[in-house]
Amino acid sequence: MEVVDRYIYAVTQRLPERQRGDIRQELQGLIEDMLEERAPAGQASREDVESVLLELGNPNALAAKYRGYDRYLISPMMFESYVTTLKIVLISISVAMTVLFAMETIFSPTEIMAHFTSFLVSLFTAVAQGFGWVTVIFALIDYRQHKVGNGSAEKKEWKPSDLPEIPSRNTHIKMSDPIASIIFIVLFTVICLYSIDLLGIWRFNDGERVVIPFLNADAFQDYLPIIWILAALGILKESIRIIVRKRTGKILAFHVAISVASTVLVCIVLADSAIWNPDLIQQLEAAGILSARGEGYDTVVSIWTRVTDWLINIIVLYALIDILSETYRWYRAKTSS
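Remember, the numbering used here sits 39 above the position in the sequence shown when you count from 1.
Hints were generated in silico from the structure; no laboratory data involved. Misleading hints may appear alongside valid ones.
[Stated by the list, open to error] Now the in silico label distances, taken between C-beta atoms and shown as ranges:
1) ALA310 / GLU89: 55 to 63 Å
2) ASP348 / LYS198: 55 to 63 Å
3) VAL134 / GLU41: 39 to 47 Å
4) ILE130 / SER84: 49 to 57 Å
For glycine and all other residues, C-beta sits at the position ideal for the given N, C-alpha and C.
Build out the structure end to end from the sequences listed, making use of the hints.
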């Protein structure tokens with residue numbers, strides 16, 4: 040019966056991956072034996088099934104008995120998702136830092152030892168911070184879920200109707216979506232923290248690289264805490280999607296809340312004129328990229344003076360499209376399930 044499958048699913052999802060297969064078979068056999076005792080002459084009724092499940096008890100408590108312990112920083116139910124997220128974050132950090140090191144080495148080969156030393160220090164720092172942030176995020180999610188679960192259990196007795204639905208194919212979230220988002224978040228964070236000067240107009244003259252930055256690195260430093268907050272919010276949102284792996288109303292509401300908060304923070308940063316390079320036009324002229332007498336001079340100046348408004352409009356529009364897209368996916372999954 041479906042309720043039996045849901046019960047077994049609820050128990051095994053709270054166990055380590057390596058134990059799930061064996062315990063799934065064991066629990067299936069145990070339930071079948073208990074049902075045969077109650078209905079030896081024929082098919083077990085729904086009341087018999089509910090009686091057996093009530094006798095076995097709350098899936099959380101039964102899973103704890105199978106585990107043999109109940110103390111952990113990251114619960115078995117979330118450990119697989121935790122490891123997956125941690126791998127994505129650490130690999131993305133390592134690849135991004137390595138690419139930045141390679142670029143610096145290619146453009147300034149005479150300073151390779153200085154670049155290598157800086158690379159090792161930055162890589163160690165970034166990996167440690169990535170590991171810490173992911174662990175803290177999952178520990179908080181796990182603590183919150185455990186607290187809510189215990190609180191609801193104290194208020195009412197568990198019954199089979201409380202069992203969650205087994206995720207269907209229509210409501211399932213593809214792993215590629217949160218993985219791609221986490222990779223983008225990590226790359227964005229690494230660039231903002233370690234190589235913000237690379238965001239600009241590049242020119243190579245006699246084998247030397249010249250970068251005219253879009254941003255004022257000194258002023259941008261003041262907003263690094265917001266960059267960390269944005270990264271944490273983004274990874275939190277995608278981590279929950281990896282844990283739940285299905286579209287629900289709560290997941291949609293959380294997605295909307297995080298998207299709105301992140302958009303507001305980004306707009307606050309971009310709206311500060313101090314973060315933009317005040318000497319960009321003059322530096323372009325000095326580098327010979329732009330001429331005051333050229334045709335495109337007025338156009339470039341006009342674009343640069345409006346860049347803040349354009350970027351804010353683009354980001355707000357993207358956030359709206361993302362929210363509408365997620366809402367449509369949730370609605371389509373809900374109506375087709």
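Evaluation of the provided hints:
Between ALA310 and GLU89 the C-beta distance comes to about 58 Å, which sits within the given range of 55 to 63 Å. A beta carbon spacing of about 56 Å between ASP348 and LYS198 agrees with the range 55 to 63 Å that was offered as a hint. Restraint check, VAL134 to GLU41: a C-beta distance of roughly 44 Å satisfies the suggested window 39 to 47 Å. Here the CB-CB span from ILE130 to SER84 is close to 52 Å, well matched to the stated 49 to 57 Å.
Consistency with the previously given hints is maintained throughout, with no hint failing.
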